[in-house]
Each structure stands twice: as C-alpha cells, then as structure tokens.
Amino acid sequence: MKCIGIIKEQKVEVSWNPMTSRHYQTLGYEFTFWRDKFHVPYYHLPLTSEKMVLVSCDKEKCTNVKSVKYDEFNRLYKNKKYECKRHSHSYYEDKARERGFILTSEYKGVKGKVDLICLKNGHKSTKLWSQINNGSKCLKCHQESLKLSIDYIKEEFLKKNLLLLSNEYANEKSKLAFKCKNGHYGEIAWNYFQQGGGCQQCYRKSRFREGNPRWNKNKTDTQRINDRKYREYLQWRRKVLQRDDYTCQKCWLKKKKYLTAHHIYNYMEHKDIRLEVDNGLTLCDSCHEHFHNTYGYTNNNYMQLFMYLKERGIK
Numbered sequence: 006m007k008c009i010g011i012i013k014e015q016k017v018e019v020s021w022n023p024m025t026s027r028h029y030q031t032l033g034y035e036f037t038f039w040r041d042k043f044h045v046p047y048y049h050l051p052l053t054s055e056k057m058v059l060v061s062c063d064k065e066k067c068t069n070v071k072s073v074k075y076d077e078f079n080r081l082y083k084n085k086k087y088e089c090k091r092h093s094h095s096y097y098e099d100k101a102r103e104r105g106f107i108l109t110s111e112y113k114g115v116k117g118k119v120d121l122i123c124l125k126n127g128h129k130s131t132k133l134w135s136q137i138n139n140g141s142k143c144l145k146c147h148q149e150s151l152k153l154s155i156d157y158i159k160e161e162f163l164k165k166n167l168l169l170l171s172n173e174y175a176n177e178k179s180k181l182a183f184k185c186k187n188g189h190y191g192e193i194a195w196n197y198f199q200q201g202g203g204c205q206q207c208y209r210k211s212r213f214r215e216g217n218p219r220w221n222k223n224k225t226d227t228q229r230i231n232d233r234k235y236r237e238y239l240q241w242r243r244k245v246l247q248r249d250d251y252t253c254q255k256c257w258l259k260k261k262k263y264l265t266a267h268h269i270y271n272y273m274e275h276k277d278i279r280l281e282v283d284n285g286l287t288l289c290d291s292c293h294e295h296f297h298n299t300y301g302y303t304n305n306n307y308m309q310l311f312m313y314l315k316e317r318g319i320k
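In my numbering, each residue carries its 1-based index in the sequence shown increased by 5.
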C-alpha cells in the first residue's frame, strides 16, 4: 500500500530545450530563447521528466518530506510500491511497544542500533531496528523461559553418581558444585556435563589402572615406571608446570601443549628424588631436546642446567 503523495501547488523550474519545447508550447507556454528558465506546475512536467519534485508521507504522525525524480515517482506511485521509509519518533515508539519494548533512544535507520527496555520484566538491551521489524523478542526473557529447574539438574547428576551441592542454576556456562561417590569435590558447567564430563579426580585415577581400555595388563610395574606412565609421575609433572606458570624457563614460551617437565638430576639415575618438585624445571619441547643434545641423557645435574640457562642471561 502506497503512503507517499506529491505536494500540491508546487512549481518546478525548467528551461527551454529541443527535447521538451514542443510539449510546453502545446500546453500554452510561449517560447522565448533556448535555455531560458521558467516555472511550471508539477503536473505540466512530461511523465519522463527527471526534474525533482517534493513528496510527503500520508501516514499519521509522519513528517517525512523528500525530493524524488518525477518519472520515478510516477512509475512507483502507479504500481503502488512507493512507501515512506522515515517516520516521526512517536511512530517508532509505537512500533517498539507493539514488539514489547520501550524505545529509549533515537531511531538511526534500519541498520542502526536502538536502546530498549523490556515491557514485561524491565530488561535493558540494544538491538538493530531491523531485528525489531523482524519480530525479535527480549533475549533475557527467552533465556529465562528455557531455564532448567535445579531439581531436574540434581536428577541428571545422580544418574552419574554425583551429588549436586549447588542450590541455584544460572546458565549452561555457570559452575555447579558436586560431590562424587568416592568423596571428591568438584565443579562443572552444565554444558560440559552434558558432553560427558564428570569428576576429574576419578577420571585421572582411572587413566592408568585396570579397567581402563588403554590399560596394558602385560606391562610390569617396573615397565610402567620406566615408561613414566603412572599416576605419581603425572602428578609431579603437573606440579612442576604449575609452579613455573606453564612457561618455558629458557625461551619463555607459554603454550601448554608444547611444554614438558625436565629432570635436573636425570630420571633413571636418581630414583630417590625423581618425583621431587624441586628436581624439575619447565622447558618447551624444543629447548628440552636442545639441552639433551648438548649434555646427553645421563649424568645430568644442576650445573649443566645453570650453564644452559645462563646462555640466555637467566641466573
């Protein structure tokens, strides 16, 4: 439905030229000289004229006035496609209210952002006006409508032998405290729980014991120690990396997946101190390999490490 109308009684400035002179003389205008200017009512313009005319919006509360080419106006007006794209502030306030919001800022175009307050619960938000036109609702209200009950979450935790200790659920990323069947305490976000997460302490203990799919029953305890695939060693490694803030002490690389715990006094020859945290230092894989290429894998000691680090000015 069209809402644009041409402003009546407006006159348009034109000039004599070979293309339109016959048209105006037929309407009774007296020719003077080429390029002489004169004024005519808008309805005396040729239908194909590209002269600019003023049009306005007929909708209530709209104050939009703009200039358009006369031929464009005729073409779109007749096809009922020319609609107003700008309205008064009160028009946009009414539109926002229809969508469930109070408009608290000025309209800045379809792709501009506006500040809103939810009529239902008073939530503040910012949206593109195009989102309002497309029927966008209050996001916080929508999230609250999808909020899970704490009783439902407790039941899901019990299915994994976890006792939920938290009394409130905020969202899928908030941490939920629990106690497992083995007495371990921990926290986990709901989205990780749904992906199969559970007690991390139980998981770490199960990685290297019978019952794990990766457990090799043919290995002796001595082989496991030599391969460094036992729980106490992994705990030692983790403590060394944590103490050094997951940073290589040679080149300062901080990417965890490239770090390892280096034994100052080598692992195989010093069994009594192999799991002492003070006998470890964090190095990246590259620096670790470079150290052993320089000093070998036996008879390693503190002086070798001191000299190796001193090369980079570390004392």
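Check the hints yourself; a few may be wrong.
[As the list claims (entries may be wrong)] Lysine-lysine pairs mimicking DSS-like chemistry, simulated, CA-CA at most 25 angstroms apart:
1) K100 x K116
2) K116 x K152
3) K276 x K259
4) K142 x K71
5) K142 x K178
[What the hints assert, rightly or not] Cβ pair distances, simulated, as ranges:
6) I278 x E161: 17 to 27 angstroms
7) D76 x K42: 13 to 23 angstroms
8) Y190 x K164: 10 to 20 angstroms
9) Y302 x K262: 16 to 26 angstroms
10) K178 x D249: 25 to 35 angstroms
11) N172 x L133: 30 to 40 angstroms
Hints are computed from structural coordinates only; laboratory data are not their basis. Where is the CB? At the ideal position from N, CA and C, for every residue including glycine.
**Item:** Outcome of range test on Cβ distance (Y190, K164; 10 to 20 angstroms)
**Value:** holds, 19 angstroms
**Item:** Whether the CB-CB distance between D76 and K42 falls inside 13 to 23 angstroms
**Value:** holds, 20 angstroms
**Prompt:** Between K178 and D249, does the beta-carbon spacing fit 25 to 35 angstroms?
**Reply:** For K178 and D249 the Cβ distance comes to about 29 angstroms; the hint holds.
**Request:** Below or equal to 25 angstroms on CA atoms is what counts here, so check K142 against K178.
**Result:** holds, 22 angstroms
**Item:** Restraint status (C-alpha distance of K276 to K259 at most 25 angstroms)
**Value:** Cα-Cα ~29 angstroms, so violated.
**Prompt:** Holds or violated: are the alpha carbons of K142 and K71 at most 25 angstroms from each other?
**Reply:** Violated, at about 32 angstroms.
**Request:** Below or equal to 25 angstroms on CA atoms is what counts here, so check K100 against K116.
**Result:** Roughly 16 angstroms separates the two Cα atoms, so the pair holds.
**Request:** Check the following: the C-beta atoms of Y302 and K262 are separated by a distance inside 16 to 26 angstroms.
**Result:** 23 angstroms Cβ-Cβ, so the 16 to 26 angstroms window holds.
**Prompt:** I278 and E161, beta-carbon distance inside 17 to 27 angstroms?
**Reply:** Taking Cβ atoms as reference, I278 and E161 lie about 46 angstroms apart, which means the hint is violated.
**Asked** Under the criterion that the straight-line Cα-Cα distance not exceed 25 angstroms, is the pair K116, K152 satisfied?
**Response** Not OK: K116 and K152 at ~31 angstroms, beyond 25 angstroms, violated.
**Message:** Holds or violated: the 30 to 40 angstroms window for the beta-carbon distance between N172 and L133?
**Reply:** holds, 38 angstroms
In summary, the numbered hints that this structure violates are 2, 3, 4, 6.
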